[in-house]
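Asks: Assemble the whole structure, with the sequences as input and the hints as a guide.
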Amino acid sequence: MPIPDIILNLNCFTIHEKIAYESMNNKELIASMALKMNAPKSVVAVLLETTVATCTELLIDAKTIGFQSFGNFEVRKKDERLSVHPSTQVRTLIPPKLVVNFKQSNILKDKLKDLPHHD
Amino acid sequence: MIKEKISSQEIIDLVASKASVSKRAAEEFLKVMIASIEEALMAGEVVKIKNFGTFKLLWNEPRKSVNVQTGEEIKINGYYKVGFVPDAVLKEQVNEPFAHLEPVELDGEIKKNELIDEADLVSDPLRLFNEQASEIKNLISEIQALSANSNVIAEEEKKIQKTEVENEIINEIPQNTQELIDGSNEEDLDLVDIEEPVKTEPSHSPLKSSFENTIDDKEQPLEKTTDNEEQTIENTDSKLLSELPSTPYLANIHSTKKKKVWLWVLIIIAIVSGLGVGSYIFYPPAKEFSAQTFANCQYSIAKVTENISISDMINSVSKWFTPAPKPVSKAVTIVIPKDTNELDSINQTLPVDSLQVLFETPRVYTDFIASERITPGNRLTIISKRYYGSKDFWVYIFEANKERISNPDNIAVGTLIRIPKLDKRLIDTANPRCLEKAKELHDIYIR
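Protein sequences, first through last, are from chains A and B. Counting from -16, one number per residue, gives the positions in the first sequence under my numbering. Counting from 860, one number per residue, gives the positions in the second sequence under my numbering.
If you're looking for bench data, these hints aren't it; they were derived computationally from the structure. Please note: incorrect hints may appear among the correct ones.
Calculated lysine-lysine pairs in the BS3-like style (CA-CA distance at most 27 Å, straight line) [stated by the list, open to error]:
1) Lys909/B - Lys934/B
2) Lys923/B - Lys907/B
3) Lys80/A - Lys60/A
4) Lys24/A - Lys877/B
5) Lys877/B - Lys907/B
6) Lys92/A - Lys61/A
7) Lys80/A - Lys1250/B
8) Lys61/A - Lys10/A
9) Lys92/A - Lys1261/B
10) Lys61/A - Lys909/B
11) Lys909/B - Lys923/B
12) Lys934/B - Lys950/B
13) Lys60/A - Lys940/B
14) Lys19/A - Lys80/A
15) Lys950/B - Lys890/B
16) Lys882/B - Lys60/A
17) Lys24/A - Lys80/A
18) Lys60/A - Lys864/B
19) Lys80/A - Lys907/B
20) Lys934/B - Lys864/B
21) Lys86/A - Lys1250/B
22) Lys10/A - Lys1250/B
23) Lys19/A - Lys882/B
24) Lys907/B - Lys61/A
25) Lys909/B - Lys950/B
26) Lys92/A - Lys877/B
Replies: Encoded structure:
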C-alpha cells in the first residue's frame, strides 16, 4: 500500500520541521555543537553541563559573567515592593528577590540590527 | 553587593579544570557554544539550555523619539534583542538567600486577626458552658449526698429510660416520684433555690418553658404566663418551705388531671434522657452533657412539683389568672430540635477541641532528632523547612532552644541548637489550623 505510506511520511516530515523551527532544546543544541566541533555528543553534553554548573555557582556568589561577543549575565536584586490587587484591593508586600539578568553585548546587538522583522 | 566580573577566559579556566580537559578544548567548546546559540537565534529559534535558561529573540517595535538638543524628531527603527529567561532551577538557586521570605498580605493579616478574635469569642461561651457543667455536677453530688433517697433517684432514672418504649411503666413512675418527693421534698426545694443563680445554660430555659406550657394547656388552674410563675416563685420561695402542706399535696398528684400532666412531663423526660443516653453511648465525650441533661431533668421535676404547689396556693389569687395557652405539640417540637442542635454543635466542636487541647497544652521538648550549629546566613525558618517541611514551624525549634536564643531574628553564629521531635499532628502542613497556630506563636515571639 504505497499511498498511505507516503502520506504518513509527509506528515512526519512537516511536523518535525515545524518543531525544529520553533525551538532548539538542549539535545538539539548539543547535536549542532557536536557537529561543529567534530566531537561525540556525550563529551559535548558533559562540557555543557559543567559550564552551566560553573555559571550557576558564580551567579550564586553574585558575580557577573561576561561572555565577550555575547553578553553579560548578572544577578540583580529586586527590592521589596507593595503590590495592590486591582480587583480585590488586597495589598501584598512582595519580599525582595535575586534574579538573573542577561544583557546582550554591543557586538551581538549589531549583528541583530540587520535582521529583518518577520512575524 | 560587590559585583565581580568574570571574563570568559576565567570561565574557560574553571570549566577546563572541572571537566579535566585542556584549556584549548574548553575554549573551543565555549566559542562553539556561543556560535551555535547565536546561529539558532538568528534563525529565529528559541534556544533552551537545561538547568540554565531560555534564549529568545524579542522584537522591539519602531518608535519615534526627539533629539534632546535640537528638538528634531528621529525615528528609531525596530530591532531584535536577545532575551533570557532563567530556568526555574537557576532562579531558585540564585534566590536562595531570600527563599525563606514570602509575600505578606497586609490587609489580609488584619482580617486574619479578626477571625482569630471571633474564634476566641466562640470558644469563650463554650468554656463557660463547661465550667457551668462542672459546677452543676458538683451540686448534683451534693444533693445525692444530702438526700437519703439518692438510690430512688437512680432507680427512677433507669425506669425513665425504659419508658421510651413501654408506656405501662409510666403509671409506676409517679409512685416513685412520690417517694422521692415524700422523702426529700424540702431538701430538694432548698437546693433548687441555691441552684437557680448558677443555672444559666441555654438548654435549661427552653425545657422549663416547655414544661410550663404543657402545664398551661392541660391544667386549668395553671393557665398563666411564665413571667407570673417566675414572680410567684421568687415571691413565695421563702414561704414555700414552711407553708407546704404534705398531705393535700399528695392528694393533688393523685387526681386524674395531674396524672395527665405527669404523663406529658414523663414523655418529655424520656425523650431528653433518651437523647442523653444516645449521646452517651455514641459519643463518649458527651458525658458532661448527659450529666447536664440529667441535672436538667431533676431540676425540672423539682420545678414542676414546685409549680403545682404554687398553683394550689395561687388558685385563690385571680389577678394572675390569664388565659394564654400555646399548642403543646409546638412547644414540644421546638424543644427537641433545640436539644439535638446543641448536641450536634457539641459533637462538631469537640474534635476541633482535641487539636485545640494539643495546642494549648504546654509543649515539653525531651526528644530531639538532630542538632544544628548556626552558620552565617542560616535561619531557624530554613532549618524548620528542612526538618518539618514548612518554615512556619520554626517557632517550635525556638521554644525548644529558648535558653540559648535571646533574639530569634539574630542568633549568634556558632550557637548549637537542638531540633525537637514534634507531634505529627502539630506540624501537619496540610492542616491550616497548624499553620495558623504556628503563625500565632510567631506573632507572639516576634512582637
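Asks: Taken at face value, is the distance from the CA of lysine 934/B to the CA of lysine 909/B at most 27 Å?
Replies: Distance ~39 Å between lysine 909/B and lysine 934/B Cα, so the pair is violated.
Asks: Is the Cα-Cα distance between lysine 934/B and lysine 950/B 27 Å or less?
Replies: violated, 37 Å
Asks: Checking one constraint from the list: CA of lysine 92/A to CA of lysine 61/A, max 27 Å. Satisfied?
Replies: Measuring from Cα to Cα gives roughly 26 Å; hence the hint holds.
Asks: Run the distance test for lysine 24/A versus lysine 877/B: straight-line Cα separation, threshold 27 Å.
Replies: Measuring from Cα to Cα gives roughly 18 Å; hence the hint holds.
Asks: Below or equal to 27 Å on CA atoms is what counts here, so check lysine 882/B against lysine 60/A.
Replies: violated, 33 Å
Asks: Taken at face value, is the distance from the CA of lysine 923/B to the CA of lysine 909/B at most 27 Å?
Replies: violated, 39 Å
Asks: So if I understand the rule, the pair passes when the alpha-carbon distance is 27 Å or less; does lysine 80/A with lysine 907/B pass?
Replies: At roughly 24 Å apart (the allowed maximum being 27 Å), lysine 907/B and lysine 80/A satisfy the hint.
Asks: Holds or violated: are the alpha carbons of lysine 61/A and lysine 909/B at most 27 Å from each other?
Replies: holds, 25 Å
Asks: Verify the proposed pairing of lysine 909/B with lysine 950/B, using a straight-line Cα cut of 27 Å.
Replies: It holds: about 13 Å lies between the C-alpha atoms, which stays within 27 Å.
Asks: Lysine 907/B and lysine 61/A: Cα distance at most 27 Å?
Replies: Distance of about 25 Å is within 27 Å: holds.
Asks: Against the 27 Å threshold, does the CA-CA distance of lysine 80/A and lysine 1250/B hold or violate the hint?
Replies: Holds: lysine 80/A and lysine 1250/B sit about 17 Å apart, inside 27 Å.
Asks: Taking 27 Å as the top limit, are the C-alpha atoms of lysine 80/A and lysine 60/A close enough?
Replies: holds, 6 Å
When each numbered hint is compared with the structure, violations occur for hints 1, 2, 8, 9, 11, 12, 14, 16, 17, 20, 21, 22 and 26.
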